[in-house]
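**Q** Below, each chain spelled out in residue letters.
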Amino acid sequence: MEIKKSVISILASNKPDVLARIAGTFSGRGFNIDSITANVTGNPRITRIIITTQGNQDTIIKIEKELNRLVDVHQVTDLTSLDLPLREMILIRMPMTGENHEKIMEIVDRYHGEVIETGSGYGILELTGKKEDMDNALSSLELLGIDDFVRTGSVTL
Amino acid sequence: MKLTGSQILFKALREEKVDTIFGYPGGSVIDLYDELFHQEGIKHYLVRHEQGAVHAADGYARATGKVGVCLVTSGPGATNTVTGIANAYADSIPIVILTGQVPTHMIGKDAFQEVDITGITRPCSKHNFLVRKIDDLGRTIREAFYIAHSGRPGPVLVDIPKDILQGTLEETELFMEIHLPPEPPKEPIDEACAAALTMIRTARKPVIFAGGGVLRGKAVSELMTFANCIHAPVTASLMGLGAFPGTHPRWLGMLGMHGTYYANMAVSHCDLLIAVGVRFDDRVTSKVAEFAPHAKIIHIDIDPVSINKIVKSHVSIISDCREALHRLLSMAGGEVLLSADQTREWLEQIEKWKKAVPLSYCRSAKIKPQYVIEKLYELTRGEAIITTEVGQNQMWAAQFYRFDHPDTFISSGGLGTMGFGLPAAIGAQVAFPDRLVVDIAGDGSIQMNIQELATAVHYNLPVKVVILNNGFLGMVRQWQEMFYGRRYSQTEMKQALDFVKLAEAFGAVGLRATKPEEVEEVLRKGLETPRAVMMDFHVEPEEQVYPMVSPGAGLTDMKLGNLRRDAD
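Chains as they are written, first to last, in our numbering: chain A, 4 to 160; chain B, 65 to 632.
Honestly, the hints are just simulated from the structure, not real lab data.
Sample of chain B residues at the chain A side, in silico, Cβ under 10 Å: (1) THR182; (2) ARG186; (3) HIS191; (4) LEU194; (5) GLU207; (6) LEU244; (7) PRO368.
Short, incomplete list of chain A residues facing chain B, as computed with Cβ under 8 Å: (8) SER16; (9) ASP20; (10) ARG24; (11) GLY27; (12) GLY31; (13) LYS68; (14) GLU69; (15) VAL74; (16) ASP75; (17) HIS77.
Glycine residues also receive a C-beta, built at the ideal position from the N, C-alpha and C atoms.
Excised from the complex, chain A in its bound form (with noise of 0.2 Å):
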């Protein structure tokens, strides 16, 4: 069976241990989690969860049975197979001197990023967009000498 990556949106109650819970889920049954991100909902007793991994469809209803199996989750559900936008955040510190400001400019405005702070020659920048984008822009700003960034894990709606 072919093996995709898949988005599982987990809503549970906004407790200190659900988290561990949940990632103990995955490495206790054997499942990866590619990446993860989790904030509280409106409601401020729920939170949620979102989690990228891969497997093919046996694999992702097996995880899905399993998280449904903790008290403290309410709601498991795949969005795979609904194609939502997915998007995802890097900020990235780099050195912003008059040579390279022009070309990281270029690439900040192709992917509709913006550059948060600046000072004593270093800038940091704010990139939001599809996993695929954010790793080119990644690779092309890599070029220009990044001194560290952070990245989050995808969301969806």
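Here the structure of chain A is known, so what remains is to put chain B in place on it, guided by the hints.
**A** Positioned in the frame of chain A, the structure of chain B alone reads:
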């Protein structure tokens, strides 16, 4: 009026109709034990090791169908329960484990007797809680009981910091309403049941395979009605023994690695396998690719995770077993789905298999362990509650004691926990003081929780321990004999240990038999003695459990020893 946390806890336990607790005190729960001193109507059994407490609660739960309760202190008290929690989780047994915890402000500071027990037990419990506020305590206890017994049952741990037990709350502010997330919606089962009925009507070689879910779901009488409605033979997993009468003509005995020849043959040749409340453990299926190769499979289980996890089913009914069987029967509308005529040929074939390779053993000058169990069955007329340890003793108990009644076979199935049998017997005996409770043990296993004999004596619990003493860790030795060139690496228990004296030292009665002709007398005397009795049977040291499906082989690939009676 103000209530202390300890009082709230007992109030909540009372509301859950708890009257029995197995436990062990310590620093973090000393306030709770002080409150227990004033409590009436709750009987606490002081075990000798916390593992004993959790297994006793487990045995109590299996024997009664109620939620078992165990209470221990923080740190080592809590960690000592972990094996018992994993054991109950593997066998889906409803127990609530109450652990003390260091005071809230000390958590995370490596305090004396502090461990992160919710972290430790997260993967081996159905759920657990760390109570952070006294306001949450009463509700949390109720939620723990609800979770333990609802759906697929399991162990739930509640960790309670000392300051919460010591704290107070106005009674008017005590709210106990359960506040749990909604359960996943139940899938409608009518369509699946209809598909199952169609499948059943066209089958001619059906087998019903019952598991622990039939017992936990109290579906024993429905299973019997259903089996009669389709004239099918019935086999069971170790956990399902007692779900169908062991003396019934259509009973096949246990399935799997040490299952009967005819159960394994029947499943391997059937055209329809109806699996009820099972999860297809690897000790049952052996090589999955060769499991029930000719059969359509109908799988009934309450836990969606069990469906298609190991064995793919053609029809799956995700439901409580009783509800599913009830629905199937009501949809059949009293009609006989398969007549005796329709399965006659199949049942005749099974009779041939039964005659060809019955469960048997050869007599010799030494005591045969199977003989001890046969005699025990005879003398107790099959009416005892049997617990077991793990290994050969467990398999012989499963094979040679015929269980006619539900919840009379109490054994560690999924986890295979040596040391389970004695404390579990104590739990069962507490639940049923007037019944005969017998732990069938090996000389290895019994030593893993032997200290609980002191508990039995302390409370005048007349549990009987039957030790099949072969001087070996017998099951491992059997594997070494069969698959490791008889290299008995670390399985010989050369011991000067005198179980009779040991029993006497504990204040119990010790008896011994070393010759076959002594067996009956020792059993008779032991069973008649209204005290805790340990019976030491010196059995044939190198006896094997047969049949044995070779690890990784299909179910028809059985080593039969000298069981075979005629060429088939």
